[in-house]
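Student: What follows is the residue order along each chain.
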Amino acid sequence: MDGERLTIAVTGLNATDNPGPGVAVIRALREAPGFAGRIVGLAYDTLEPGIYARDLVPDVFLLPYPSQGIEALEARLRYIHGRIPLDAVIPTLDSELPSFIALEGTLSELGIGTFLPTREQFDLRAKAGLPALGERAGILVPASRVVTDVEALYGIHREIPYPLYVKGLFYGAALACSVDEAVQAFHRVVAQWGLPVIVQTRVDGEELDVVALGDGRGGLVGALPMRKTWLTDKGKGWAGVAIRDPELEAMAVRFMAATRWRGPCELEVMRDRQDRYHLLEVNPRFPAWVYLAAGAGLNLPWATALLATGREPPPLGPHRVGTMFVRISLDQIADIADFERMATAGELGGGGRTG
Amino acid sequence: MSKPRYERPVLIRHEAGLMNKFGRVQALRPLTEIDGAAVDELVAAYGSPLFVFSERTLVERARELKEAFARRWPRVRLAWSYKTNYLGGICRIFHREGAFAEVVSDFEYDKALGLGVPPDHIHWNGPYKTDAALTRALAGGAIVHLDHFDELAAAERIAERLDLRPSVALRISLSVEGVPEWSRFGFHLESGQARDAVARLVAGNRLELVGLHCHLGTFIADVRAYGEQARKLARLANEIRERHGVRLGFIDIGGGFASHNTLKEQYLPGTQATPPFSRYAEAVIEGLCELTCPAREQPLLVLETGRALVDDAGTLIATVHANKRLPDGRRGVVLDAGVNVLFTAFWYRHDVVPCQETHGTPEPTVLFGPLCMNIDVIRDSLLLPPLQVGDRIALRNCGAYNVTQWMQFITYRPAVVLVGDGGRHALLRRCETLDDVVGPEQTPPWL
Amino acid sequence: MGATDKLKDLALSESGFVFDPYTGSTFSANDTGRKILDGLRRGLDRDAIAAELRQGWDGVPDDLGRDIDDFVLLLRRQHLLPPDFSL
Ligand SMILES: Cc1ncc(COP(=O)(O)O)c(C=O)c1O
Chain A
1081 MDGERLTIAV TGLNATDNPG PGVAVIRALR EAPGFAGRIV GLAYDTLEPG IYARDLVPDV
1141 FLLPYPSQGI EALEARLRYI HGRIPLDAVI PTLDSELPSF IALEGTLSEL GIGTFLPTRE
1201 QFDLRAKAGL PALGERAGIL VPASRVVTDV EALYGIHREI PYPLYVKGLF YGAALACSVD
1261 EAVQAFHRVV AQWGLPVIVQ TRVDGEELDV VALGDGRGGL VGALPMRKTW LTDKGKGWAG
1321 VAIRDPELEA MAVRFMAATR WRGPCELEVM RDRQDRYHLL EVNPRFPAWV YLAAGAGLNL
1381 PWATALLATG REPPPLGPHR VGTMFVRISL DQIADIADFE RMATAGELGG GGRTG
Chain B
12 MSKPRYERPV LIRHEAGLMN KFGRVQALRP LTEIDGAAVD ELVAAYGSPL FVFSERTLVE
72 RARELKEAFA RRWPRVRLAW SYKTNYLGGI CRIFHREGAF AEVVSDFEYD KALGLGVPPD
132 HIHWNGPYKT DAALTRALAG GAIVHLDHFD ELAAAERIAE RLDLRPSVAL RISLSVEGVP
192 EWSRFGFHLE SGQARDAVAR LVAGNRLELV GLHCHLGTFI ADVRAYGEQA RKLARLANEI
252 RERHGVRLGF IDIGGGFASH NTLKEQYLPG TQATPPFSRY AEAVIEGLCE LTCPAREQPL
312 LVLETGRALV DDAGTLIATV HANKRLPDGR RGVVLDAGVN VLFTAFWYRH DVVPCQETHG
372 TPEPTVLFGP LCMNIDVIRD SLLLPPLQVG DRIALRNCGA YNVTQWMQFI TYRPAVVLVG
432 DGGRHALLRR CETLDDVVGP EQTPPWL
Chain C
11 MGATDKLKDL ALSESGFVFD PYTGSTFSAN DTGRKILDGL RRGLDRDAIA AELRQGWDGV
71 PDDLGRDIDD FVLLLRRQHL LPPDFSL
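Chains as they are written, first to last, in our numbering: chain A, 1081 to 1435; chain B, 12 to 458; chain C, 11 to 97.
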């Protein structure tokens, strides 16, 4: 079949035990019947495992860390675009999104499409802003407080009872059952992710998850609700099943309408014992399990690639309820010469322009 | 064929999490000039280390701030926060742009008067105003922001003595989620102290309440904090109007907007994390929209923005004095500027750019100052290409608080220059001499 | 084992990629670093290594010996040379 010859760059190849979404996004793109192009992997570290999955990502380039600033990222993307002209880039990590959002205009001038939330939308869903968002969208959100000073933790139980979650601005969450644990978690989170820290009520119940794509005009392109059926000791979903939950899908619709969200996102939801749905977190990108969406007939990464390149995605049908994902770990065999090229040149493959 | 240019030999071990050769140094061009003035020429003329201020950046930032707010609120005033940088030349630039002065001491008040600022263009903050100072300020017509009940009483006494009815404002402290509370300044809102102060001031009938002031803190990158602050001040103003019939002339939201610097505990660099002035303005105005007074009575909005205006305009040029290899394998570079002049190195990861072309592989490097103390570290571990003795580096975003909080310790404080249009440059402050330092000393007669 | 035997077993590539087969550690060396490694492997002394660097590169500093010693210190720290080794 003659598909779209698109070259799409994808970040987040850190397929570790706390995986980035890159490999899943790439697999979804590769399996889209409409896709007949080239995938370019973008990595931040020479040892990101996805780099060495050569059958999935023959071309890989290192990017400067987000902490190096926008200029460095722009220079690098220009270089990569010179080597392999890109049609679109799909960033998949929270910490890199502000830079990609800031570069949206520049990239578009270069002919590289993106389909990202605005900076306002990105900030709105920040953990610190969730209560305001919940109010606006008519969605329940657990009580939370923004904390910049460890002193504030000593009285926090008056507002948020233990056990509670101590969360970083971008990543990281720890359950604390006492002041001592909260203080310890605070320092750990600050050391890794900086200030501020968010303290959030724990809601008990069943963990649910939605991957969704907003059209940027208040509409929902598609959403797949999932229940995690198996969690690792770190609380990461290792298996899950696509479900039909009108309530969850309605929440995704309300979220899109309230924020006019543009691009992919993940809504982490808890259904409590009274069957109320609480929105715990909004991640402004695909989750690592997004391959399930493609497997269940709702290829959201492909729809994103089409929207990023100014194409209209075909209407996304109902997903196949009951489709499961079960994650497996397998060891890739890698050639030290590949590692050498990544370590010394910062790239792998990259030969020849697509014709 | 010509030979390649020599680079210092390096060997870098590959470690997980640190394996990325595309650091900032690769993307940045060297900083060889500032607004058309060559760094080499500046250093040749004024020495090293050297603070360089860009007039263009100062003016641009001031106008950007003013426009962001003026587009959304009919009357806006900037009161230049002297403590942030009170070099005469810098203050003059802000006054030329229409700014009032915001001072917190006798010394700053005199400084403002000396620069030709009329007393009624001076907002006077701070918890410590002597009776003499307060008398001068009230008699002169300065806009005094009262900080506590003792000061309120003192102001009333002085007004009585001078037979005046001076205009004053009250400093309010309030709590905003996510911002450490500066509750030691002003009258506390949530505990009811602020209302008591208003009632007390109105009942005293010696002072005219014309404004509310609140300074939340500093380097606040979350614009919502300002929305919350403005909302609380607006509600208080509504209440004062309803209860006491007082129509306020201004609401002063203080300073505290983040500059493009990067705090040590911040993950993303300031260039990405710091909101533009327009987003602060949106948040503030949204809060102020809770004011219920008729449109024509809407108070003036006063801004005391300090670091966000001046930080980006200042660059510290320093010279490499020595290179050394540290036992942990990192490279150490000894500079002629340390924390004595770059006080802000304690809390910022200042941006570092070489001032000349560099060659060679970037290595993890620590930048040390010239002091004999272990704390004298300007930047802890960043990737830098090899630097030769005599090379120069620029530390960016140094304009706020350094030339006021720097220390005279074991050496002289360096010169500060201003670069104007067309690359012209002149001193804002010359380098200190022995006489400057020992001048005030006296020898007890028995020595 | 001679002082520089371990160096001789290193896999050293054109790109400056260095693989230590004993420990599995890998490193990157720049061109001048590679030249010094190569000289050490061939048993050259300090002066001979310095001479090769002067011959191959422009703008070599007068105190080149310091750079060479600094590099040897790095090799010692990475256990590629014995702790008591000096040129
Ligand atoms: C009362 C007052 N206004 C304004 C400022 C200026 O603050 P910033 O430099 O953070 O804008 C300060 C700083 O401490 C202050 O205390």
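Simulated from the structure, these hints should not be mistaken for laboratory data.
Some hints could be false.
[Stated by the list, open to error] Stretch-level coverage of chain C by chain B, calculated; a stretch enters the list once three of its residues show a Cβ under 8 angstroms from a Cβ in chain B:
# : region
1 : 13-23
2 : 32-41
3 : 49-57
[Stated by the list, open to error] In silico lysine to aspartate or glutamate, DMTMM-like type, Cα no more than 20 angstroms apart, as pairs:
#  : chain 1 : residue 1 : chain 2 : residue 2
4  : B       : Lys-14    : C       : Asp-19
5  : B       : Lys-14    : C       : Glu-24
6  : C       : Lys-45    : B       : Asp-402
7  : B       : Lys-14    : C       : Glu-62
8  : B       : Lys-335   : B       : Asp-402
9  : B       : Lys-335   : C       : Asp-73
10 : C       : Lys-45    : C       : Asp-19
Here a beta-carbon is modelled for each residue, glycine too, at the ideal position from N, C-alpha and C.
Student: Against the earlier hints, flag every one the structure doesn't satisfy and list their numbers going up.
Tutor: 1, 3, 4, 6
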